[in-house]
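Protein chains: 2
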Amino acid sequence: MAPKYKLSYFPIMGLAEPIRFLLSYGKIEFEDERFESDQWASVKPSTPFGQAPVLEIDGKKTWQSVAICRYLGKLVGLAGANDWENLQIDMAVDTISDIRSKIASYGYEADPALKEKKKAAVVNEALPFLLTRLDKLVKDNGGYLANGKLSWADLYFVGILGYTNYVSGLDLTKDYSNLSALKNKVLEIPAIKEWVAKRPKTER
Amino acid sequence: MAPKYKLSYFPIMGLAEPIRFLLSYGKIEFEDERFESDQWASVKPSTPFGQAPVLEIDGKKTWQSVAICRYLGKLVGLAGANDWENLQIDMAVDTISDIRSKIASYGYEADPALKEKKKAAVVNEALPFLLTRLDKLVKDNGGYLANGKLSWADLYFVGILGYTNYVSGLDLTKDYSNLSALKNKVLEIPAIKEWVAKRPKTER
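Those protein sequence lines, which keep their order, are chains A and B.
Counted the way the UniProt record's numbering counts, the first sequence spans residues 1 to 204.
Counted the way the UniProt record's numbering counts, the second sequence spans residues 1 to 204.
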């Protein structure tokens, strides 16, 4: 019997969307449980480490969205062909996490003046530096993040864009032609296109 | 012929020490290049994404310390036996990264008053929450972070402790008996003991 998948997360794309992309890509049915923010206090203690998303696989709770995506990537045929290829995928994904973390460093700052100051440093320095290199990585890999072929890193990157764009207040791929092309390519994959068409519409 | 490994990093344990642990565990010879902080401006442009450590493998530059550790973990026989076991390892490692990131959120704050405020929240709330759960994870896994046996997650955790303890200003495992026991167990592995005895002595 096929394993049962239940995803629990806030009612947003956020960190769960790459997981939804990968499950959709693999045509794996899953329960897409979305709890409201005011329910989080009661949900949190039932999570393994006080974090969401949680993906239950046959009742076993897994957490950490990147770890889950690596597992699902392998399952749906989007891992590398060998250890070296998997290293290339992992390096790209962890670089995307660094970009996310730079964005979060100002995106969640409550003090408006401090936020603007932090934002300026990230938007003028860190982001152009990292995105220029990421764009070149895609160029050097024939339009993909790693190994010259589609991998779970590509679905991860495009899956999390809704969130990173929202938190950053930017359209992150706009000025980067290879990243833009990659985004469009992933969104044209029939199973992803179908998911995006039917998913709940949320702003982030 | 065996591949050639060259590690480049600041003259500290830092994020490179888990890589040094894994190479040492596998009895893999490596060049341990350490550049001074004032050389960083000239080293940075030669790194793939402006970050260190960089591990050159037969002249090919790899970056992202966790990705490198996963690759080396597989190479030295410390990966999981299957995809599910690898997921358990990855979840533990990413949880350790979250702990590191909480610590860094105050450890690198330049404003002393703000640093104390941030530190209080992390030390009184986030760290006890995460470390209590991590300690229980080790208890539930027979003294290891995953799968009831030694994995690269354990070497990663102990390898990065020198750094996380320094940045946090705390002895992170002190009040957690299962984490303390794991630390001692890893440091008693002959190849790790040998490395620790001969490595350059640094404060972090």
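Hints are computed from structural coordinates only; laboratory data are not their basis.
Where hints are given, some of them may not hold.
Which copy is meant is left open, so a pair is good if it fits within one copy or across any two.
[Said to hold, decoys possible] Only pairs whose alpha carbons sit at most 27 Å apart, straight line, appear in this in silico DSS-like list of lysine-lysine: (1) Lys185 / Lys201; (2) Lys6 / Lys198; (3) Lys139 / Lys117; (4) Lys136 / Lys44; (5) Lys149 / Lys60.
The model shown is predicted, which means the values in this text are computed figures rather than measured ones.
Worksheet item: Checked against the structure, which of the hints given earlier come out wrong?
Response: Going through the list in order, the structure violates hint 3 alone and respects the others.
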